[in-house]
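Fit chain P to the given chain B structure using the hints.
Respectively, the protein sequence lines represent chains B and P. Just so you know, this note's numbering puts 31 at position 31 of the first sequence, and the rest follows in order with no gaps. Just so you know, this note's numbering puts 48 at position 48 of the second sequence, and the rest follows in order with no gaps.
Derived by calculation from the structure, the hints in this document are not laboratory data. We put the CB at the ideal spot given by N, CA and C, even for glycine.
Estimated spans, in silico, between C-beta atoms of each pair:
| id | chain 1 | residue 1 | chain 2 | residue 2 | range |
| --- | --- | --- | --- | --- | --- |
| 1 | P | 31 | B | 176 | 28 to 36 Å |
| 2 | P | 31 | B | 114 | 23 to 31 Å |
| 3 | B | 58 | P | 73 | 14 to 22 Å |
| 4 | B | 213 | P | 46 | 44 to 52 Å |
| 5 | B | 172 | P | 53 | 56 to 64 Å |
Covered by chain B, according to a simulated footprint, are these stretches of chain P (three or more residues, beta-carbon under 8 Å):
| id | region |
| --- | --- |
| 6 | 9-22 |
| 7 | 55-69 |
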Amino acid sequence: MSARFGVVVFPGSNCDRDCLHVLHEVLGCPAEFVWHESEDLSGFDVVVLPGGFSYGDYLRPGAVAATSPVVRAVKHFAAAGGLVLGICNGFQVLTEAGLLPGALLRNRGATFRCEWVSLRVERSDTPFTALYEPGEVVRMPIAHGDGRYHAPEEVAEELERCRQVVFRYVDNRGRTTAEGNPNGSVHHIAGVVNRAGNVLGLMPHPERCAEEVLGGTDGRRLFESVHRWAAHAAGRVP
Amino acid sequence: MEVNKRVRVVVFLKPGVLDAQGQAVQTGLRALGFEAEEVRVGKAFELSVPADGWRQRVRELCERFLTNPLIEQYEVHEREEVPGR
Chain B
1 MSARFGVVVF PGSNCDRDCL HVLHEVLGCP AEFVWHESED LSGFDVVVLP GGFSYGDYLR
61 PGAVAATSPV VRAVKHFAAA GGLVLGICNG FQVLTEAGLL PGALLRNRGA TFRCEWVSLR
121 VERSDTPFTA LYEPGEVVRM PIAHGDGRYH APEEVAEELE RCRQVVFRYV DNRGRTTAEG
181 NPNGSVHHIA GVVNRAGNVL GLMPHPERCA EEVLGGTDGR RLFESVHRWA AHAAGRVP
Chain P
1 MEVNKRVRVV VFLKPGVLDA QGQAVQTGLR ALGFEAEEVR VGKAFELSVP ADGWRQRVRE
61 LCERFLTNPL IEQYEVHERE EVPGR
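Here chain B stands alone, though its shape is the one from the complex (with noise of 0.2 Å):
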C-alpha cells in the first residue's frame, strides 16, 4: 500500500493534471483530484496545492483561493499533521492562508520568468526532502510572475534560526548571487516549511522534471520523499 494524495483543482489551477500524472504514471500511487469546494480531505495522507493561476490571480496570488471551503479543511488537515504541499500559485495560497510566513510579490523587474533554475536543498530531514543530500544543488523549472519571496528581516531571520528555509536559488556553481537569484527573493528564499516541518510551500516545479523526457529528474525525490514518509506514517509501507 501506498500513501493517497489529493490534488487540489481551484478554478484556474493548470498543473493539477502535471502533478497527478507524476503521482499515478511516474510513482504509480494512489491520486484523485479535489474540488476547491469540497471539505471532505478525509481520504488523504497528503494534499498538494498545485501551479496555475487561480481565480485569475485577482486582487493578489493566492488570495480568494485562501478563502475556499478546501483551504478550511486544508488547514484542519494541516493542525492534525497532514503533509501538504504547494507548488507555485499553490505556495501563494499557503501564504495567504496564513499557513506559511511570508507573502510572494512580483519579480523583480517586474519580468514573468520561465526557466530553468539551480536550487541548494538546504535540509534533508523533512517529509519532503527525505531523499536528497544536505546542500545537494538541484535543477528545477521556474514560471511565475510573482514569485519574489518577501517577509521583513527579522521574520527572514526567524526563519533562517528555525531551519524553515529547505530551498534557496543558487548560480550554477551553488553560490548564493544576485544572478542566480531569479526574482529577488530575500535570503535566496525559493521554498519554505512551517515550523512543525509537515507543510512545504515553493515556487520551482518539481512537477515538471520528474521525468527524462522533460529534461530532469531532480522533481522526482520530492515526490518520492513525501511518498514514503506518509507511507511509514500511516502505516503502508511502499
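Here is chain P on its own, set in the frame of chain B:
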C-alpha cells in the same frame, strides 16, 4: 430603509517593499522623456457597506482580505451615504 456607506479603499505596498511594477512604470515614463521619481503603483476599491458601524467593518475587511498587512498599507476615503437594500 437601510443606509449604506460608500467608501473608497486605496492600497499601496508599504514603503521599503520593492514595487517592481512601479519601477517598470517609472522606466516607461522616463523613456517618454518625463522626469518622475518614486513611482508606486497601487490599487483602489469602491464598496458600499451598512452605514452602521462602517468604520470598524471596513477596517476588518481591509485587514482580512483586501490587503495583505505584511506587505501592504491602505487608506479609507469616506464617500457619500447611499440607499441600502
